[in-house]
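Chain A is fixed; fit chain B with the ligand onto it per the hints.
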Amino acid sequence: MPYIPPKYEAVIPQAVHDGGTEQTTVLIVGAGPIGLALALDLGLRGHDIILVNRESQLTDGSRAICYAKRPLEILDRLGISDRMVEKGVSWNIGRVFFKDRAEPVYSFDLLPVKDQKLPGMINIQQYYNEEYNIEALDGLDNVALRWGNTLTSFEDVDTGVLAGIETSEGVYRIQADWLIACDGYKSVTRKMLGMEFEGETFHDNFLIADVKFRKAYPTERHFWFDPVFNPGQSALLHKQPDDIWRIDFQVGWDIDREEIIKPENVSPRIRAMFGEDVEFEYEWISVYTFNCRQVDQMVKGRVVLAGDAAHLVSPFGARGANTGFQDGDNLAWKLDLIINGKADRRLLESYDQERSLAAKINILNSTRSTDFITPKSIVSRQFRDAVLQLSAEYHFARGFVNSGRLSLPVPYPDSTLNTPDEATWGGGVRPGTNCMDAPVSTGGEDKWLLNSLGWKFKLLVFADVGDLSEGQLEGLRLLAAADIPVESIFISQFEAGEFSSLNDISGLVQDRYAAGSGAVYLIRPDQYVAGRWHELDLSKLGVALRRATGKQ
Amino acid sequence: MSPNLILEPNLADYDEVYQKIIDMHSGLSDEESQSANAKLILTLANHIGDVGVISEAVKIARDNTLQWRKKDTQS
Ligand SMILES: Cc1cc2nc3c(=O)[nH]c(=O)nc-3n(C[C@H](O)[C@H](O)[C@H](O)COP(=O)(O)OP(=O)(O)OC[C@H]3O[C@@H](n4cnc5c(N)ncnc54)[C@H](O)[C@@H]3O)c2cc1C
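The listed protein sequences correspond, in order, to chains A and B. In terms of this note's numbering, the numbers along the first sequence are unbroken and rise by one, the last being 552. In terms of this note's numbering, the numbers along the second sequence are unbroken and rise by one, the last being 75.
So here's chain A without its partners, still in its complex pose:
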């Protein structure tokens, strides 16, 4: 049984009939994975949100299937990761095939990430992620999710945005303080803002078939360069939950897009790959062209772009949704402070700065993968094939094989929110970098460090509470009660009274943060390091906090 996307009831607000204008704090356009996650993030922070989506159903077929560790950590903060990990498929073994060799040129084992809560990557259909997120939103009265509501116009004025929304029964208006455009790569918001979407289209196409096999195949990722069943091209096989397999065939530029996706034209490819007698059913067939594009400004007035609306990458390396979730993670806390009047709108400049950099690096990574997978010149193909031939025999050459790299979070080493190190550190987590997880315990219960970070500013204090002077403790109390509160967490085997404490049961926190006794880390609400010092200095901390909130 192929997946049937759930249908939701289209919402016709009262304003359609009485011609009134609705008010909300944040209008989010687009209930794809990014809009949904942002609605949950801002909704859990208590803001009034209207989320409109053109269709009344989820997209049929899964687009994104690979969810990397950092997005899973973000979704864990929002409370939907556990379900995804439980439903998802974890794979460790990957095999790379070349030409007609039956044996892989090599195989690799993605060792599970040690001593961290979440795996390096799971495979799960995008619609499960969306469904879980929608269910979580059901519990929030302050978030209105409106299917069958399309943004058709807006005016961006200094005090807010006046948006025109179309439904099947007529139009109405929403007056919002902020508009977040998560309306995908064809974003009408972007077009209405007159923004360019510069970049590159790769002259190649990929045919995707999501199929269910009768017989079980191993849970491995297989990648073929120039195989006999797809000569001169590449192919990829990936497992999803529910015994569904994704097969990607590179098919070249000159194709008939309608013909190529007909089941009768896809089946011969699958039979050539798995044998004449293979039995399977189709879930979804689609064809897509690679694009790498990005806007040169993610914020304009009171309109903010996130996800595919702001950047598009080729799917090798699974960076689309994975990057978009990190846009949301970066945006939510900043907008929260601004809405609550605790930070200036200028703070959003850092969203643009940090996430534009991330988009740029993602595009660079995915362009490199695409160039390796689909070489553009004779010499590029010669080098690619040379790498593959060498790698069958020599381990060192495998490093050059690029069939899509794991999507990793992009650090912001030059962000204006960072306080650069003033002393030398033997490693650890640098300012502008996301925090590493580690096992901890509190009150005898095992926990994960990252589950104690996020939402607000946190200060990790690598000391016992008894090591601090009364003046220092008073300083930490004031920080916790300040306008923008900073919660102190002692990394210590002792309870810390009025403060929280985490016991570093395996010494890995100290290790991973290269923290000597007395060291402190100031951590942003998106679990990125803002600054760190070998010892607590309250005035330096105050300056760093002002920087990290765009006030300096």
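The hints are simulated quantities; they were obtained by calculation from the structure and are not laboratory data. The C-beta atom is built at its ideal place from N, Cα and C for all residues, glycine as well. One or more hints might be untrue.
Said to hold, decoys possible - Simulated crosslink set (PhoX-like; lysine-lysine; CA at most 20 Å straight-line):
#1 Lys99/A to Lys191/A
#2 Lys39/B to Lys99/A
#3 Lys456/A to Lys360/A
#4 Lys191/A to Lys342/A
#5 Lys39/B to Lys376/A
#6 Lys99/A to Lys376/A
As the list claims (entries may be wrong) - Okay, the calculated beta carbon distance ranges per label pair:
#7 Thr442/A to Leu5/B: 49 to 55 Å
#8 Ile48/B to Leu406/A: 24 to 30 Å
#9 Val51/B to Pro375/A: 20 to 26 Å
#10 Asp446/A to Ile48/B: 57 to 63 Å
Quick look at chain B with the ligand alone, frame taken from chain A:
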């Protein structure tokens, strides 16, 4: 101004090294020769293990080639 890449003479026996590179190609088709060249570059790049040094060498190889292109078209 090349702090890493050695541009001073550095081989004891140039003739021998040159001959080894030419001999690598004996009996190979043009296509195989291209493949062998690529493998040689990749193997040496790994041995060097320093992106700075490799970048400098890449620049020299490219710039020198472009200079000769100019000379060819001028003559
Ligand atoms: C074949 C394929 C494989 C992929 N694999 C991966 C992967 O493995 N990992 C990964 O991370 N990413 C992957 N991606 C990318 C991923 O699917 C996208 O990056 C992701 O869906 C983007 O989410 P989004 O919320 O920004 O936009 P979308 O998912 O495009 O959602 C936009 C939403 O906005 C709505 N909308 C549009 N205009 C309006 C309007 N005017 N008013 C109201 N609503 C509107 C649309 O109805 C839609 O629901 C893949 C993509 C493809 C095509």
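Results for each hint:
no. : hint                            : verdict
1   : Lys99/A to Lys191/A             : 44 Å, violated
2   : Lys39/B to Lys99/A              : 18 Å, holds
3   : Lys456/A to Lys360/A            : 27 Å, violated
4   : Lys191/A to Lys342/A            : 32 Å, violated
5   : Lys39/B to Lys376/A             : 19 Å, holds
6   : Lys99/A to Lys376/A             : 18 Å, holds
7   : Thr442/A to Leu5/B: 49 to 55 Å  : 54 Å, holds
8   : Ile48/B to Leu406/A: 24 to 30 Å : 26 Å, holds
9   : Val51/B to Pro375/A: 20 to 26 Å : 22 Å, holds
10  : Asp446/A to Ile48/B: 57 to 63 Å : 46 Å, violated
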